[in-house]
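J.: Sequence:
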Amino acid sequence: MVPGISGSDVGKKVSLSEMSRTITFPHSYGLGSGGCILERSVHRQGFLERLEAGEVIIGDGGMVFALEKRGYTKAGCWTPEVSVEHPEALRQIHREFLRAGATVMQAFTFYASEDKLENRGNKPAISCWQVNEAACDIAHEVAAEGDALVAGGVSQTPTYLSNKSEADVKAIFQKQLDVFVKMNVDFVIAEYFEHVQEAEWAIQVLKTSNKPVAATLCIGPEGDLHGVSAAECAIRLVRAGAQVVGVNCHFDPETSLTAIRLMKEGLESAGLKAHLMCQPLGYHTPDCNKQGFIDLPEFPFALEPRLASRWDIQHYAREAYKLGVRYIGGCCGFEAYHIRAIAEELAVERGFLPDGSAKHGSWGAGLAMHTKPWVRARAQKEYWEKLQPASGRPYSTSCSKPTAWGVTQGHKDLTQQKECTTDEQLKQLFQRQQMVS
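Count the sequence shown with our numbering and you get residues 1383 to 1819, in order.
Note that these hints are calculated values from the structure, not bench results.
Treat each hint with caution, since some may be false.
Derived pair list, reagent style BS3-like, types lysine-lysine, alpha-carbon separation capped at 25 Å [said to hold, decoys possible]: (1) K1557 x K1593; (2) K1593 x K1564; (3) K1546 x K1800; (4) K1763 x K1552; (5) K1589 x K1672; (6) K1456 x K1809; (7) K1646 x K1593; (8) K1763 x K1704; (9) K1557 x K1800; (10) K1451 x K1768; (11) K1794 x K1546; (12) K1794 x K1809; (13) K1754 x K1768; (14) K1655 x K1704; (15) K1672 x K1783; (16) K1546 x K1557; (17) K1741 x K1783; (18) K1809 x K1783; (19) K1768 x K1704; (20) K1741 x K1754; (21) K1794 x K1672; (22) K1552 x K1768; (23) K1557 x K1589; (24) K1589 x K1552; (25) K1800 x K1783.
Given these sequences and hints, build the entire structure.
T.: Rendered as structure tokens:
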């Protein structure tokens, strides 16, 4: 958090003289007499209006992982039927992110394409339309409780991985977009694409809605899985029609910002302009290869020792802001307190704290109330900034060797099927895993 603002200052007067940086206020807040942060205005600006006004947009966190841990989505298929099966669970996750400071309620439409909902034995008991419509409805409901925007998103498809035609892939995206248009989302996102070509196709479909388009690839500094550089990826996304570009998932904050830097340089060299967006993993993954964290042996059930602290995320938020990123959020591993860390780190720039900061002291200030003196001694920024957390796992290595099978779109091993993976297919995979381990 920032000097001069604590959790108890939510909605109260703030002393500008105590702040180390010049404070500016976004469109929806004003500064009253004596430095009082005013309530949000009635006027609600749109997505691009906010970015062009210099506002920091704060995204939400990792819905898929958060809901899997709570028992509402299934690891493996990662599909979002929860919007229909357990709407109250999805509603609560959205509310936690809103309270933490998120200004976008991203409808939980990740992997909600028709082909993904019926891939590898997943039973399509709930239609593509139903899942997407329910997700948008819940996002709208929660967004209305604050000053949040609603986004609908598409992601990479089994159809593309199976080397189907451009027309086939675009038809999949169109089915989701039809729902987003009906539900009147504020903007649309093409996210979680390993190949810029498929992201281009998604953008071309999404922009027909005449809504703002954001696009993020799950790539690192080495670029996409077809060998397209990060810089060239950014150029292609913008030329396809995206107004906001960046990265999400697969890599940790530091690696993701390195990729963003390369994308920014590429856009500048090409004379193109776009807003920048970053939603990385909430894990430390310096040992990732080009494929990202899904190649780590710990994926997906043993990643907890790699979890980023709230202080790590404050550092990420500051570095992202310095780089020029104005849409800052998180993906897998990001919980509500991580999003709150972003909002608190950028409280001066945004002019206010989120509601969730009412129960969170600046840099552990609340620990001053603890009964034990050695814990009270930790109620300071210096302690938490200097701490190098231990994993608590004796004899474990700090890094892992990623699995590297070397296959991507177009390879026979990535051809998808509606039928469940057979026992014989699994046996072959187990044997191959032993050979490459």
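J.: Return the numbers of the hints above that this structure violates; sort them in rising order.
T.: 4, 5, 10, 17, 22 and 25
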